[in-house]
Amino acid sequence: MNDNNSMAYAQSDTAQNESAQSSPVQNNSIYAQSSPVQDSPSYTNMPLLQLNDLCKRYPGMGSYMSVFHMNLIIPRGRIIGLLGPNGCGKTTLIKMINGLLTPTSGSVLINGMAPCPATKKVISYLPERTYLDNGMKVSQMVSYFADFYEDFSTEKAYGMLGALGISSDARLKTLSKGTKEKVQLILVMSRQADLFILDEPIAGVDPAARDYILRTIITNYNPGSTILLSTHLISDIENILDDVIFMKNGSLMLYTSVDSIRSQMGKSVDTYFREVYAC
Amino acid sequence: MAWQMNSDRPIYSQLYDKILVRIVCGVYKAGNRLPSVRDLAAEASVNPNTMQRAFAELEHSGLIVTQRNSGRVVTEDMTKIETARHQLALTQVQSFIANMRELGYNDQEIMELIKSIVQ
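Line by line, the protein sequences give chains W and V. Numbering that gives the first Met the number 0 puts the first sequence at residues 0 to 278. Numbering that gives the first Met the number 0 puts the second sequence at residues 0 to 118.
Hints in this document: simulated from the structure, not taken from any laboratory. Glycine residues also receive a C-beta, built at the ideal position from the N, C-alpha and C atoms. Each hint should be verified, as a subset may be incorrect.
DEER-style ranges, computed between Cβ atoms [unchecked claim]:
id: 1; chain 1: V; residue 1: Ile116; chain 2: W; residue 2: Asp205; range: 39 to 49 Å
id: 2; chain 1: V; residue 1: Ala88; chain 2: W; residue 2: Ser142; range: 22 to 32 Å
id: 3; chain 1: W; residue 1: Asp52; chain 2: V; residue 2: Val64; range: 41 to 51 Å
id: 4; chain 1: W; residue 1: Tyr63; chain 2: V; residue 2: Phe95; range: 56 to 66 Å
id: 5; chain 1: V; residue 1: Phe95; chain 2: W; residue 2: Met264; range: 24 to 34 Å
id: 6; chain 1: V; residue 1: Val64; chain 2: W; residue 2: Lys136; range: 34 to 44 Å
id: 7; chain 1: W; residue 1: Pro84; chain 2: V; residue 2: Arg21; range: 31 to 41 Å
id: 8; chain 1: V; residue 1: His59; chain 2: W; residue 2: Asp269; range: 22 to 32 Å
id: 9; chain 1: V; residue 1: Thr90; chain 2: W; residue 2: Arg128; range: 44 to 54 Å
Please model the complete structure; the sequences and the hints are all you need to start from.
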């Protein structure tokens with residue numbers, strides 16, 4: 000029954016790509032009744048994130064699917080690495096989870112809901128590139144976030160800014176690329192979200208700050224929330240991950256725990272990655 | 000400073016070994032409280048769930064005990080700690096001897112070398 004349903008609107012979706020937005024909305028109304036938004040404990044038995052047969056085809060790419068029939072259930076309380084070579088669909092997947100791209104077919108459910116304002120409330124997202132207003136001061140950015148997100152902790156943000164020696168009076172345009180990235184990550188990590196999605200969080204940051212950021216992720220970690228992060232710097236983050244997701248050509252290749260890769264293959268995730276994706 | 004990990008073994012078992020050494024060396028004394036999972040995870044720069052697993056394994060082997068009010072403490076059973084210490088020493092000596100044999104030393108030469116260095 001259910002399958003037929005989703006198939007039906009998946010097809011109509013592909014037919015009229017522009018109005019594809021209708022599908023999440025539709026979906027949302029179906030699930031909204033069974034799972035009220037926030038503050039209600041009833042949604043906690045839903046998986047935090049669920050992907051059902053998710054596909055994405057960009058216009059002009061022919062029949063190539065950037066994300067190809069992904070099925071995935073992500074529970075609470077995990078730190079998960081989303082790994083794969085360049086162009087394998089990691090960012091496309093992340094953008095669909097955040098509602099920035101509409102799936103060609105299939106669905107994304109966060110706490111049982113399709114991406115919508117209510118899911119944005121529970122997801123803290125660090126995009127691959129910065130969207131902050133260069134003319135603003137760091138302190139203005141902090142109050143902007145505090146204004147925007149109920150779950151934002153100003154105290155936490157200033158704590159981290161202080162620890163990394165970033166002046167709150169500085170305007171963003173005066174900061175280096177790496178420092179800007181730090182500011183953005185601090186803003187994202189200062190929320191008390193259910194799901195943190197970090198797209199390449201540590202790439203432009205020096206090793207010492209990287210250690211600090213990883214420590215921050217560990218100490219801020221709470222058992223009710225999950226962190227999904229994509230990166231190429233596997234060896235740097237391997238020790239803080241519970242699980243890894245390997246993607247290849249838009250498909251899910253492997254979803255397992257770090258320790259099971261180590262005990263079954265007798266090698267680190269970093270080494271394993273290099274073998275799996277050897278060019 | 001993050002703890003150094005080898006790449007070929009599960010992280011939890013390496014954490015197990017490191018905490019075990021601390022217990023045996025008396026960094027964490029018999030009957031004393033252990034740091035919290037979260038603190039130790041932050042110190043080691045590892046995932047708290049992984050640290051939790053290492054603690055669970057230590058508990059399983061009886062070296063640490065969970066008490067209802069005071070969290071996790073090192074066992075007061077000195078024989079258990081002593082056995083663990085002996086076990087660690089054995090592994091060290093065995094791997095030393097294996098390495099020496101690989102270098103072509105016979106047992107006689109190994110013993111002589113040890114004696115000359117210990118004096």
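Could you work out which earlier hints the structure fails to respect and list their numbers in ascending sequence? 2 and 6
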